[in-house]
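There are 2 protein chains.
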Amino acid sequence: MTETSDLFTLKRNFFVLAHRVNTDGNFNLNDLCGSAGRLDGIIRSINSSLFLSHGIRRDSAVHAIMMGPSDPPKVLSILGSSVRYLNPDERSTASLIKKALEIALPASNGSCIRSTPGIYVTRGGLDHVLDNVKGRSFLLLENADKGRKILETIAMDVGNINFFLSDDRDFEEEEIETIMLTSDGAISVSPKVLHTDHCITVIHSILDDIEN
Amino acid sequence: MTETSDLFTLKRNFFVLAHRVNTDGNFNLNDLCGSAGRLDGIIRSINSSLFLSHGIRRDSAVHAIMMGPSDPPKVLSILGSSVRYLNPDERSTASLIKKALEIALPASNGSCIRSTPGIYVTRGGLDHVLDNVKGRSFLLLENADKGRKILETIAMDVGNINFFLSDDRDFEEEEIETIMLTSDGAISVSPKVLHTDHCITVIHSILDDIEN
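Note that the protein sequences, when read in sequence, are chains G and A.
When you line the first sequence up against this note's numbering, it's residues 264 to 475, in that order.
When you line the second sequence up against this note's numbering, it's residues 264 to 475, in that order.
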């Protein structure tokens, strides 16, 4: 049994709030937008969090905080350090996720099961995640003033960094308040409002440049 | 009938060499990686070229130069200025592309047919494209020295700009030589080797910052 906090130890962590994504695995692989509750968008965030052209970002992890029917809340974590069988196309990743969600998970917060190498499902929601993150945390909001500059300033001295993003729906006020209670600030990375996965790509790019 | 050069007039053009992608529309929507010749990657490049969170980049276009079986070469162009029915998930975009590729296209270079609003198929390959681009053109190569800086320097004064990228396969030497004959230089955007669609997201991000 893995502790939740063990899942959050890699250098770059991306937490995506998936407001209505399916949580029981009972969806059709041909209908990721509909029956799976916009799982397609979550999969693209997984892709941009973890893929390099000829490999995986071994220092990064992505965690979908899943709140849709019928078995919420769950956190699906994919660790770049150990993940296997991950391909960049949406359908094959959806198949891995379906398998992970179909596993019966105890009701108690923090219960965690490994589905396939590097893919874990944990019982819990946003509060449980925030209780277990370490390092610095940032809320990603579009149009936060000068977010890119803030990121460039702070990123140099961090060991482990967490970004909280929303899916295709905006954060709810209550979610923003909850995250801000423990985070180091709200940032944005673009003058435009971007898709979640594109934001993740831009964050990686900024950090890659800084570390280079 | 549209002239090829009419398709290349938007401000930001992304040309992706699709070395083995299917060109006759005879593929299975459940197997975009296999029977469609890695069409999944081309679709992700379309996504990152055109999508904003709540809309389409109306000043951008993406052009896949398709060289796979059984009816090459073709250029599939999607214009942000006029495209309709485009959704961010891979499967629905594959369906639009399948429809476009199934249209019988004359064998003469430059023959062009509109499939659905904003989506065009043109007979021709890399040479035909290069004969028709205007403005500045850049070859995107990973690990080209200081590519990002170069882009930041040149981008300020351009009206219309073209980026040439390869798919999941590297450019062939001959392709690089051909593109370099008419381009303004080779650039890179990251110290890491990124997926094609992630490169496009980073280019957009740099240009968005410059224009802001």
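Because the hints were derived from the structure by calculation, they are not lab data.
Treat the hints with caution; some may be incorrect.
Since the list gives no way to pick one copy over another, a pair counts as held whenever it fits inside one copy or between any two copies.
Derived EDC-like pairs: lysine to aspartate or glutamate, alpha-carbon spacing no greater than 16 Å straight-line [claimed, not checked]: (1) K274 with E438; (2) K455 with E474; (3) K361 with D431; (4) K397 with D447; (5) K455 with D471; (6) K397 with E437; (7) K455 with D431; (8) K362 with E436; (9) K397 with E436.
### Message
When the structure is checked against the list of hints, which entries are broken? Sort them ascending.
### Response
1, 3, 6, 8, 9
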